[in-house]
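**Student:** Chains A and B, in that order, give the protein sequences. Be aware that the first sequence starts at 23, since it is given in the working numbering, and climbs by one per residue. Be aware that the second sequence starts at 3, since it is given in the working numbering, and climbs by one per residue.
For the record, the hints were derived by calculation from the structure and aren't laboratory data. All of these numbers come straight from a predicted model, not from anything done at the bench. Note that CB positions come from ideal geometry on N, CA and C, so glycine has one too.
Listing some non-contacts, in silico: residues in chain B with all C-beta distances to chain A over 10 Å:
id : residue
1  : Asn45
2  : Ser52
3  : Val55
4  : Leu89
5  : Arg90
6  : Leu142
Simulated DEER-style distance windows between Cβ atoms:
id : chain 1 : residue 1 : chain 2 : residue 2 : range
7  : A       : His149    : B       : Gln183    : 36 to 44 Å
8  : A       : Pro189    : B       : Glu38     : 33 to 41 Å
9  : A       : Arg76     : B       : Arg31     : 15 to 23 Å
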Amino acid sequence: MDAIENTASEIEVRIAEASDASGQDALYEDAAKSYGPALERLGRAYEADPELRRDLLQEIHVALWRSLAKFDHRCSLRTWIYRVAHNVGASHIASQRRTKLQTLVDLEELENLPDTNAGSHNADRSHALDRLLNLIQRLKPLDRHVILSYLEGLDAASIAEITGLSPGNVATKIHRIKNVLARQFQQGETK
Amino acid sequence: MNQTLENPAQQIWQTQPVEGTKMSAEAIRLRAGKFERRIMRRNLRELIASVIVTIAFGYFCIAAPNALWRTTWGLFIAGTVWVMFQLRRKGTPRTMPEDIGAATSVGFFRSELERQRDLVKNVWPWYLAPLVPGYIALNLAWVLAPLRPTPWTTILALDLFFAAIFLGVWKLNQRAARCLQRSIDELARAESEQR
Numbered sequence: 023m024d025a026i027e028n029t030a031s032e033i034e035v036r037i038a039e040a041s042d043a044s045g046q047d048a049l050y051e052d053a054a055k056s057y058g059p060a061l062e063r064l065g066r067a068y069e070a071d072p073e074l075r076r077d078l079l080q081e082i083h084v085a086l087w088r089s090l091a092k093f094d095h096r097c098s099l100r101t102w103i104y105r106v107a108h109n110v111g112a113s114h115i116a117s118q119r120r121t122k123l124q125t126l127v128d129l130e131e132l133e134n135l136p137d138t139n140a141g142s143h144n145a146d147r148s149h150a151l152d153r154l155l156n157l158i159q160r161l162k163p164l165d166r167h168v169i170l171s172y173l174e175g176l177d178a179a180s181i182a183e184i185t186g187l188s189p190g191n192v193a194t195k196i197h198r199i200k201n202v203l204a205r206q207f208q209q210g211e212t213k
Numbered sequence: 003m004n005q006t007l008e009n010p011a012q013q014i015w016q017t018q019p020v021e022g023t024k025m026s027a028e029a030i031r032l033r034a035g036k037f038e039r040r041i042m043r044r045n046l047r048e049l050i051a052s053v054i055v056t057i058a059f060g061y062f063c064i065a066a067p068n069a070l071w072r073t074t075w076g077l078f079i080a081g082t083v084w085v086m087f088q089l090r091r092k093g094t095p096r097t098m099p100e101d102i103g104a105a106t107s108v109g110f111f112r113s114e115l116e117r118q119r120d121l122v123k124n125v126w127p128w129y130l131a132p133l134v135p136g137y138i139a140l141n142l143a144w145v146l147a148p149l150r151p152t153p154w155t156t157i158l159a160l161d162l163f164f165a166a167i168f169l170g171v172w173k174l175n176q177r178a179a180r181c182l183q184r185s186i187d188e189l190a191r192a193e194s195e196q197r
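Please model the entire structure based on the sequences and the hints provided.
**Tutor:** Here's what the structure looks like:
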């Protein structure tokens with residue numbers, strides 16, 4: 023994780039040097055290189071269909087490239103990149119059928135839902151990843167942002183900066199996330 | 003700052019295989035251009051549709067037996083063109099704003115939902131109302147036709163049919179607006195909690 027932060031610092035130095043379109047291109051390529059895998063993971067959390075996901079990922083990259091022309095150092099580059107990715111993802115959800123938005127649940131509801139995987143836990147990683155994705159894709163956009171940021175290893179303060187929620191509210195949500203994940207995974211891993 | 007991987011789910015998430023999708027800046031430009039062309043094609047389709055409607059109503063307008071019928075078709079042309087214009091203005095898929103990274107998730111998502119809510123909530127003034135003057139003129143033209151006035155029962159049946167369609171469209175959109183408003187309210191609550 024420190025490596026990512028160091029890379030982010032190096033990129034920020036390049037931002038200072040970038041004052042034209044080629045600088046924007048170079049900055050984008052550096053950002054995509056450092057955060058490409060994270061963007062891909064986020065894309066997977068916002069769209070289950072592989073074809074649509076590829077389109078969404080490209081849309082995230084285009085939005086990131088365009089946005090870097092307006093990057094103003096008021097937040098860290100990492101925050102900026104995650105905001106772009108999450109906002110494009112949220113827009114993608116909102117553009118789908120409106121009824122679908124209503125079928126999504128928040129963390130509190132998810133915490134109270136029965137564990138549908140009880141009795142079928144196994145330690146297979148791909149199965150565990152499928153279960154995790156299934157869980158994430160049931161969440162409303164804002165809670166999805168929080169859980170994804172948590173899974174990416176961001177702390178509460180960073181998540182609050184990305185989402186616009188108060189640190190206290192984020193801490194409550196993380197507590198709920200841990201409960202849900204513990205029920206879904208830790209119990210399963212010990213069986 | 004990043005947290006240590008305290009949760010096995012974080013490990014599962016961060017170590018998942020990725021395809022390593024890469025886009026060069028050149029590919030990005032091409033993709034951005036493709037999106038712009040998609041919007042242009044959609045605008046062109048709408049323009050062609052409105053031209054076809056205008057030509058059809060224009061033909062009726064020219065062939066109309068009197069001023070009242072000409073006015074009727076003229077009003078339908080104006081109403082249709084207005085609706086098409088508004089559809090293009092409000093419904094165009096937009097490119098993401100350049101300052102998208104400056105907006106928090108809550109702020110950005112709320113503005114997206116508010117935009118959609120306003121579009122469906124105000125469907126009456128921009129989608130339904132522009133067609134009403136033409137329809138009223140059509141009723142008058144039927145009733146006042148000098149040679150063969152349309153029977154009242156036929157006019158009433160048609161009026162009820164179109165009124166039901168208008169009401170249905172309006173009701174569906176109001177329902178969608180309420181659903182969106184609920185989501186907006188939830189965001190507002192989440193934003194204000196524990197501040």
